[in-house]
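**Q** Got chain A sorted already, so can you dock chain B onto it with the hints?
Number of protein chains: 2
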Amino acid sequence: MKAETPDFPFSSKEELDNYFPYLMNRLATRWAFNQNRALAGAEVQGAKMRILSCLAACKELTINQLSVLSVTEQSTTSRTVDQLVEEGLVKRHINKSDQRIRTVRLTPKGFKKLVTISPIITELYRDLVSGIDEQSVRTCVRVLQTMLENVREHEI
Amino acid sequence: MKAETPDFPFSSKEELDNYFPYLMNRLATRWAFNQNRALAGAEVQGAKMRILSCLAACKELTINQLSVLSVTEQSTTSRTVDQLVEEGLVKRHINKSDQRIRTVRLTPKGFKKLVTISPIITELYRDLVSGIDEQSVRTCVRVLQTMLENVREHEI
Chain A
2 MKAETPDFPF
12 SSKEELDNYF
22 PYLMNRLATR
32 WAFNQNRALA
42 GAEVQGAKMR
52 ILSCLAACKE
62 LTINQLSVLS
72 VTEQSTTSRT
82 VDQLVEEGLV
92 KRHINKSDQR
102 IRTVRLTPKG
112 FKKLVTISPI
122 ITELYRDLVS
132 GIDEQSVRTC
142 VRVLQTMLEN
152 VREHEI
Chain B
2 MKAETPDFPF
12 SSKEELDNYF
22 PYLMNRLATR
32 WAFNQNRALA
42 GAEVQGAKMR
52 ILSCLAACKE
62 LTINQLSVLS
72 VTEQSTTSRT
82 VDQLVEEGLV
92 KRHINKSDQR
102 IRTVRLTPKG
112 FKKLVTISPI
122 ITELYRDLVS
132 GIDEQSVRTC
142 VRVLQTMLEN
152 VREHEI
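In the order they appear, the protein sequences are chains A and B.
Going by the numbering used here, the first sequence opens with residue 2, and the numbers climb by one from there.
Going by the numbering used here, the second sequence opens with residue 2, and the numbers climb by one from there.
Same shape as in the complex, but just chain A (with noise of 0.2 Å):
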């Protein structure tokens, strides 16, 4: 069965809140708003946190890849890297077959960071999925990751 097309503009609450968009985006900025609330002591909120993360999971990237992945702007990408790298937490690099190449990669200290902020991360998304079969989290995954192939202009 084909998904059918909401019929916009909606005429009822309930067709809003049947809508994909509408709770994306309420809970994408809910979500936001709520762990950035829950690492306000560690540090590392936002753009930082997310930054961190996609290099523990990609080990290397250059800014334009870190921008699209960590879902930062690329000026801000590259702001918050030069701050990061003060702090000791990632270093740049020149990749070694192509010295144009310039990347950025975690330090033990950064990883370090990430495994501090690992339990807090952690109890959210139990939250999160709080009354959810897994099987059911599962397919949502594979839903957005199709939606987000179905929509997005990067190769990554």
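Do not rely on the hints blindly, as some may be mistaken.
A pair holds if it fits inside one copy or across any two, identical chains being indistinguishable in the list.
With a straight-line Cα cutoff of 27 Å, these simulated DSSO-like cross-link-like pairs (lysine-lysine) come out [claimed, not checked]:
{"id": "1", "residue 1": "LYS92", "residue 2": "LYS14"}
{"id": "2", "residue 1": "LYS110", "residue 2": "LYS97"}
{"id": "3", "residue 1": "LYS14", "residue 2": "LYS110"}
{"id": "4", "residue 1": "LYS60", "residue 2": "LYS113"}
{"id": "5", "residue 1": "LYS97", "residue 2": "LYS113"}
To be clear, the hints were calculated from the coordinates, so they are not data collected in a lab.
Computed from a predicted model, the values in this text were never measured in an experiment.
**A** For chain B alone, kept in the frame of chain A given last:
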């Protein structure tokens, strides 16, 4: 089966690609960008579009309710409503049962504006759900509804 917790910090791109909050953040940002670009010619982008849509669905809302539902800061909601009043797309009302309650409603002109952009929204949505079966979209909507209930701090 209860939902698993992520193994944060992630140690591969694959783990990142399977992490719900990461996917949601990338998708929500891309969706908002694409929608604004598609609506560039229609003079109803961003907060304007979200506020009009919420009013179509809910008929009558206070600024506070509008701010929550349209995921827009209260001050921006107020300012945008002022602009929409000037354009004749919404009207301010005094609640009949409690005169202290000021609400906002869509005008017929505001509704027509939404009807005008309806084909654009429908096409964007079709692109988003392309290749995804209806049942998976519905599962995903249910998951997002439960997640929102888990984390939200407003009753609406």
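**Q** How would you label the pair LYS97, LYS113 (within, between, both, or neither) given a Cα cut-off of 27 Å?
**A** Classified as within; 26 Å inside a copy, 59 Å across copies.
**Q** Please sort LYS14 with LYS110 into within, between, both or neither, judging by C-alpha distance up to 27 Å.
**A** between (48 Å within a copy, 20 Å between copies)
**Q** Regarding LYS60 and LYS113, is the shortest C-alpha distance of 27 Å or less found within a copy, between copies, in both, or in neither?
**A** The answer is within: 14 Å in one copy meets 27 Å, while 51 Å across copies does not.
**Q** With 27 Å as the alpha-carbon cut-off, assign the pair LYS92 and LYS14 to within, between, both or neither.
**A** For LYS92 and LYS14, only the inter-copy Cα distance (19 Å) is at most 27 Å; the intra-copy one is 49 Å.
**Q** For the identical chains here, do LYS110 and LYS97 meet the 27 Å Cα criterion within one copy, between copies, both, or neither?
**A** within (23 Å within a copy, 61 Å between copies)
The earlier numbered hints are all upheld by this structure, with none contradicted.
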